[in-house]
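J.: Chain by chain, the residues:
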Amino acid sequence: GAVVSQHPSRVICKSGTSVKIECRSLDFQATTMFWYRQFPKQSLMLMATSNEGSKATYEQGVEKDKFLINHASLTLSTLTVTSAHPEDSSFYICSARPLGGDSHYNEQFFGPGTRLTVL
Amino acid sequence: SQKIEQNSEALNIQEGKTATLTCNYTNYSPAYLQWYRQDPGRGPVFLLLIRENEKEKRKERLKVTFDTTLKQSLFHITASQPADSATYLCALGKGAGNMLTFGGGTRLMVKP
Numbered sequence: 001g002a003v004v005s006q007h008p009s010r011v012i013c014k015s016g017t018s019v020k021i022e023c024r025s026l027d028f029q030a031t032t033m034f035w036y037r038q039f040p041k042q043s044l045m046l047m048a049t050s051n052e053g054s055k056a057t058y059e060q061g062v063e064k065d066k067f068l069i070n071h072a073s074l075t076l077s078t079l080t081v082t083s084a085h086p087e088d089s090s091f092y093i094c095s096a097r098p099l100g101g102d103s104h105y106n107e108q109f110f111g112p113g114t115r116l117t118v119l
Numbered sequence: 001s002q003k004i005e006q007n008s009e010a011l012n013i014q015e016g017k018t019a020t021l022t023c024n025y026t027n028y029s030p031a032y033l034q035w036y037r038q039d040p041g042r043g044p045v046f047l048l049l050i051r052e053n054e055k056e057k058r059k060e061r062l063k064v065t066f067d068t069t070l071k072q073s074l075f076h077i078t079a080s081q082p083a084d085s086a087t088y089l090c091a092l093g094k095g096a097g098n099m100l101t102f103g104g105g106t107r108l109m110v111k112p
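Taken in order, these protein sequences are the chains called A and B. Number 69 in the numbering used here belongs to position 69 of the first sequence; there are no gaps in the numbering. Number 91 in the numbering used here belongs to position 91 of the second sequence; there are no gaps in the numbering.
Same shape as in the complex, but just chain B (with noise of 0.2 angstroms):
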């Protein structure tokens, strides 16, 4: 069956460091995917959208990158912030009618 896997483990950086979360995957070959932030008691909000051509994606401090080869995509927040303290989610879909299928997402803990 298809999985989904990102680092349980929480990831503690630095205030102005580069964060770099990791979402693996097996049995699947997504057409596109996602990345979510997702705080505390909150529902997820979307961040990017990568698509299975394409290599790399970015969006002012965020960078996203998807190896199919690899079956793997990398999310980096360069010059984080205590604000990008957060939960984040990866979620790969197929097509517009299609389910999305979320990782168990990383928590994100960066200290001032």
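If we strip away everything but chain A, and leave its shape as in the complex, we get (with noise of 0.2 angstroms):
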């Protein structure tokens, strides 16, 4: 149980083009989905948290106005770069909080990742 899918796995594009990237909780409904962005050799940086229903909160230097999140459903979010361009190639990670989680902690489960190479 506990899956969570990203889709594409891979993309390429090119520069100036919008990309969306897909993110969905195949057996479980999530309250809070989670956007990371990590690049080589480094961690999991927290780009942005999104609540089913309602605008996503951004992390301090993240622009909410290239990087569209929507959370349309309690099993789907998206990610949209829009305008990318190579400084946006990176590894976009998401992650899934189930609805009724455990209230102490923030338990995520993470999925497979999304490789974004902009030309």
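In short, the hints are calculated from the structure, not lab data. Careful: at least some of the hints might be erroneous.
[Unchecked claim] Each computed DSS-like pair below joins lysine-lysine, with the alpha-carbon atoms no more than 27 angstroms apart:
| no. | chain 1 | residue 1 | chain 2 | residue 2 |
| --- | --- | --- | --- | --- |
| 1 | A | 41 | B | 94 |
| 2 | B | 3 | B | 71 |
| 3 | A | 64 | B | 94 |
| 4 | B | 111 | B | 59 |
| 5 | B | 71 | B | 57 |
| 6 | B | 94 | B | 57 |
| 7 | A | 20 | A | 41 |
| 8 | A | 41 | B | 63 |
| 9 | B | 3 | B | 55 |
| 10 | B | 3 | B | 111 |
| 11 | A | 66 | A | 20 |
| 12 | A | 55 | B | 94 |
| 13 | B | 111 | B | 55 |
| 14 | A | 14 | A | 66 |
| 15 | A | 41 | B | 17 |
| 16 | B | 111 | A | 64 |
| 17 | B | 17 | B | 57 |
| 18 | B | 71 | A | 41 |
| 19 | A | 20 | A | 64 |
| 20 | A | 55 | A | 66 |
| 21 | A | 41 | A | 66 |
| 22 | A | 41 | B | 111 |
| 23 | B | 55 | B | 71 |
| 24 | B | 71 | A | 64 |
| 25 | A | 20 | A | 55 |
| 26 | A | 64 | A | 41 |
| 27 | B | 94 | B | 71 |
[Said to hold, decoys possible] If you want a taste of the chain B side facing chain A, the calculated C-beta under 10 angstroms gives, among others:
| no. | residue |
| --- | --- |
| 28 | 4 |
| 29 | 31 |
| 30 | 36 |
| 31 | 38 |
| 32 | 79 |
| 33 | 93 |
| 34 | 94 |
| 35 | 95 |
| 36 | 98 |
| 37 | 100 |
| 38 | 101 |
| 39 | 104 |
| 40 | 107 |
Think of the CB as a built atom: it goes at the ideal place given N, C-alpha and C, for glycine as much as any other residue.
Hints in hand, dock the two standalone chains.
T.: If you want it as structure tokens, here you go:
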């Protein structure tokens, strides 16, 4: 149980185009989904937190107009990288917090990640 | 600002030995600490969680200790196997509504 999928797993796009990444919780409902970015040999950096039906909360330094997040249902969140540039090339990972999860800690299940390469 | 440090150098050990990875933190008082495994090109997989009032946690060949005085967690893999080769991340949190903060990870290589 507690499986999170991401689609696509890899995407290559031209500079200036937009790319949408989907994150789905397959066998549970998620009140909250998180989007992380990971550069090579570095740790996961939280970009934003999204709650179903409300606006995402972005971390400092993350442009909300560039990284559009939509959390339309309890099982789906999307991240759209708008007008992508080569510096946006990275590994994007989502995670989901189950509805009714432990109230004492931030339980998250991670997706397999999406490798974005902007040419 | 809060800082989480893991040894950025790879840890190379022989199969059968015990691997010990370290996670140190400063300017932070976590309520719990988690360890994850990450394989190349994959998302992290949860391994163990230890709360601030727990000294030690075990799960099969894994053991985690948490010393809030030293601000350190140790992650042990006993009887290591080549399949244990991966990057191991520690993550700290304060509560259900707070973000997780990840360390940079340590790559473990277990040689047959």
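J.: Taking each numbered hint in turn, which are not upheld by the structure, reported in ascending numerical order?
T.: 10, 13, 16, 24 and 32
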